[in-house]
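Student: Knowing the structure of chain R, use the given hints to seat chain W on it.
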Amino acid sequence: MYKGYRLLEHTADMGIEARAESCLKVLEEMARGLTMMLFGNSPASANVVAEIHLREEDPVELMVTWLNEILYWCEQNNLVPVETRIDGLEEGELLATLSGEPFDQQRHHVERQVKAVTYHKAALEEASGGWYARVYVDL
Amino acid sequence: MATKIQQLDQYRWRIPREGAMRTDGLVFASPEMMKDLRREQALEQVCNVATLPGIVGPSMAMPDIHWGYGFPIGGVAAFDATHGIVSPGGVGYDINCGVRLLRSKLNAEEVHPHLDRLANALYRNIPSGVGSHHSDFKLSMAEQKRVLTKGAAWAVAQGFGDKNELDYIENHGTIAGADTEKVSERALERGRSQLGTLGSGNHFLEIQQVEAIYDEGAAAVLGLSQGQVTVSIHTGSRGLGYQVCDDYLKVMLKAARKYGITLPDRQLCCAPLQSDEARDYMAAMACAANFAFANRQTITSNVRETFEEVLGKGPADLHMATIYDVCHNIAKWEQHTIGGRERKLCVHRKGATRAFPPGHKEIPAAYQSIGQPVLVPGDMGRYSYVLTGTAGAYEETFGSSCHGAGRALSRHAAKKAARGRDIIGDLAKQGIVVRAAGRATVAEEMPEAYKDVAEVVQVVEQAGLGRIVARLKPMAVVKG
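Protein chains in written order, with this note's numbering: chain R, 1187 to 1325; chain W, 16 to 495.
I should point out that these hints are in silico values taken from the structure, not numbers from a laboratory.
Misleading hints may appear alongside valid ones.
Once the Cα atoms are required to be at most 27 Å apart in a straight line, the calculated BS3-like pairs of lysine-lysine come out as [said to hold, decoys possible]:
| hint | chain 1 | residue 1 | chain 2 | residue 2 |
| --- | --- | --- | --- | --- |
| 1 | W | LYS178 | W | LYS160 |
| 2 | W | LYS165 | R | LYS1307 |
| 3 | W | LYS19 | R | LYS1307 |
Everything numeric in this text was worked out from a predicted model, so none of it was measured.
Just chain R, same shape as in the assembly (with noise of 0.2 Å):
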């Protein structure tokens, strides 16, 4: 079983898919291959670090929650990501640490714009052995 993320082809939008030992680390994973998608591989540093607490019944819905609050950072508050650490997760609950530095032209450049992380064939289950998960996105 391969480990880490990939993008995934779509006729106008993307996906990210990832695979993982553990829940916790699929949902990092995820993260990672959003931030690929909107920077590349912009170099940054964690001199910004945001204290995240989301909560969702529905496992899925927490996923797609987790990773629209990243893009929300990325938009409103110009953040290039360089960690997107869970610290826990449990019952519906997801404390995470997003850490990165402020979007600079010059040391850092969009690869495009991602509009949402959508539900559609939104997954997020047990697979051979460790965690599969999967999105769209809209661009």
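Tutor: Chain W alone, transformed into the frame defined by chain R:
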């Protein structure tokens, strides 16, 4: 999923009702387009929409249909006011994404020597790109709420355009029923500094010239003539709309469970139109739609000022007037005659344009003889089209038509095809000036990434869903 498809005539394809579908699917496409469609998931999405409660008539797709999220792009579905639903996924994140077309008194020859300067100035004056914001329009909370309730009328009252211009915008630039109390703080925050901005992705601002006229009479009514310069603006409700959609998808996921609605795809989550959840969404959606109308109106004003500044001409010399402004992501209350009976329906258009016929009371008095203008952008290398609505569209598709070319290549495939090529340089050789904010955008939006919009509008016309009036050729393109 193998979808059963029956060819009805050259451009109509029926997907017979089966399983959980409550109605048939109806797709407008040429046989060549259908070959491509069978390879992707858009037809399955037509079937999924057909399962939603209270759908009236078939689940339809226009000829620019392609795989979307939830609804297919190009999808049209109407729902009964009493038994039907509204689905935020059937409108999309970019609520009231749409197109506005401006005409001018200028001709291509006189503008050509100034194209570089015009493109630079438009790129500078109208913020574009990811998270683009406008320092001139950082609105107070009270002012922003007025934008959300009044739409383009707010912009005109602030001096961004003329009051008469409102007659040439779908719904006069204001969707009724907007309630700012139904919009989240986060959505308001995301929209606060984004008024007057283009955004990114497939949004654009384009200087064009009228390259061909197909219907002299209609073109004359629209004030279009060969060689004339026009400007197209394609943008929507920006972060505010995305957040409204996201907020209400959460509401509707819970509502679907509460009302026992089985969903083939979570993105189709919805609530009965008679529920509080649906009323709240319609009120919030109207706010986002009004923000989009105000956005295109303020950009229009900025375009006029930029042309005046660069060309050193006054408003009377330029005479840049709005031909029309259409929504292509929206759910609207409309009256339609079904089986001889007048019914109130909630018509969802996801990547589809309203195309009302001649004589309809909701189109401008000046266009009563020709029907509503339908603005169909193509790609940045080839052309766009102006069509008009028909009685055929009104009877068959709830007065709907196509909204664009539809993508032919995925983003990844487009980038791969663009590798090693200078897309901006290639377009410059064709006389098209491009200014773009994003490195990847130009590759992903290259002309070959899109289907030939000429084929799409041909199907529209042959199927009786619109009449082709004019073809517009790009001269300069500003991309986000």
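Student: Look at each hint and say if it fits the structure.
Tutor: Taking the hints in turn, this is what the structure says about them:
Note on LYS178 (chain W) and LYS160 (chain W): the hinted pairing holds, with a Cα-Cα distance of about 20 Å set against a maximum of 27 Å. Restraint check for LYS165 (chain W) and LYS1307 (chain R): the C-alpha separation of about 36 Å exceeds 27 Å, so the hint is violated. Distance restraint check for LYS19 (chain W) and LYS1307 (chain R): the Cα-Cα separation of roughly 22 Å lies within the 27 Å cut-off, and the hinted pair is therefore satisfied.
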